[in-house]
Amino acid sequence: NAGVTQTPKFQVLKTGQSMTLQCAQDMNHEYMSWYRQDPGMGLRLIHYSVGAGITDQGEVPNGYNVSRSTTEDFPLRLLSAAPSQTSVYFCASSYSKPQGARYNEQFFGPGTRLTVL
Amino acid sequence: SQQGEEDPQALSIQEGENATMNCSYKTSINNLQWYRQNSGRGLVHLILIRSNEREKHSGRLRVTLDTSKKSSSLLITASRAADTASYFCATVNTGGFKTIFGAGTRLFVKA
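Keeping their order, the protein sequence lines are chains D and P.
Counted from 1, the first sequence has number 151 at position 78 by the working numbering; the numbering is strictly sequential.
Counted from 1, the second sequence has number 324 at position 78 by the working numbering; the numbering is strictly sequential.
Worth flagging that the hints you see were computed from the coordinates, not collected in a lab.
Some hints could be false.
Taking beta-carbon pairs under 8 Å as the criterion, some of the chain P residues facing chain D (in silico) [unchecked claim]: (1) R287; (2) H291; (3) I295; (4) G305.
Covered stretches of chain D, as calculated for chain P (at least 3 residues, CB under 8 Å) [claimed, not checked]: (5) 94-103; (6) 121-130.
This one's a predicted model, so the numbers in the text were calculated from it and none came from an experiment.
Think of the CB as a built atom: it goes at the ideal place given N, C-alpha and C, for glycine as much as any other residue.
Required output: the full structure, derived from the provided sequences and hints.
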């Protein structure tokens, strides 16, 4: 299994540009989520999904859109990039909702380093 | 605002010593987890403790949870240079699906 994969690894954007960060998992996980990590801080939840067709907002959703058309994929779209969105973005997945009885751990991708100029 | 607050922010110890990190949180939780992050990498899950548990062990790791004080601690025994990393606690609130991370403790183990 490849686990959780993210593309690209690095990206530089200009203010106002849009782009999509890709995330895929091959573990048939129900729950997927996107986080951003800024220097010296923990991870902040952007959006999450509890299954195909179902998404919801996290702590810092503004400026980002998500969709979940399949179990495997959970892309994150930046609508109009701003310098404040410069960060490292992590995608994660798990078998079930974090409260679920089967829930054990989240598996994280390697991250995408995004710089917005 | 972030749920978990780790203490200390940074910790430097000698190889072979024990390392203790603490986490405090604000609201009722379903479970609390600890993750490790090596520099420039993604997070790796270490251990999960549910709200009805008080202590859990995994290898050299020992986690305690005190729901009355809304706090948890992670003890790494007989530390190794390879344990050098950032450690994060993460909480899942009751009634919610969100996992909220603290700012982390940076552990440096000197060989």
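Cross-check of the supplied hints:
no. : hint    : result
1   : R287    : holds (7 Å)
2   : H291    : holds (3 Å)
3   : I295    : violated (12 Å)
4   : G305    : violated (15 Å)
5   : 94-103  : violated (count 0)
6   : 121-130 : holds (count 3)
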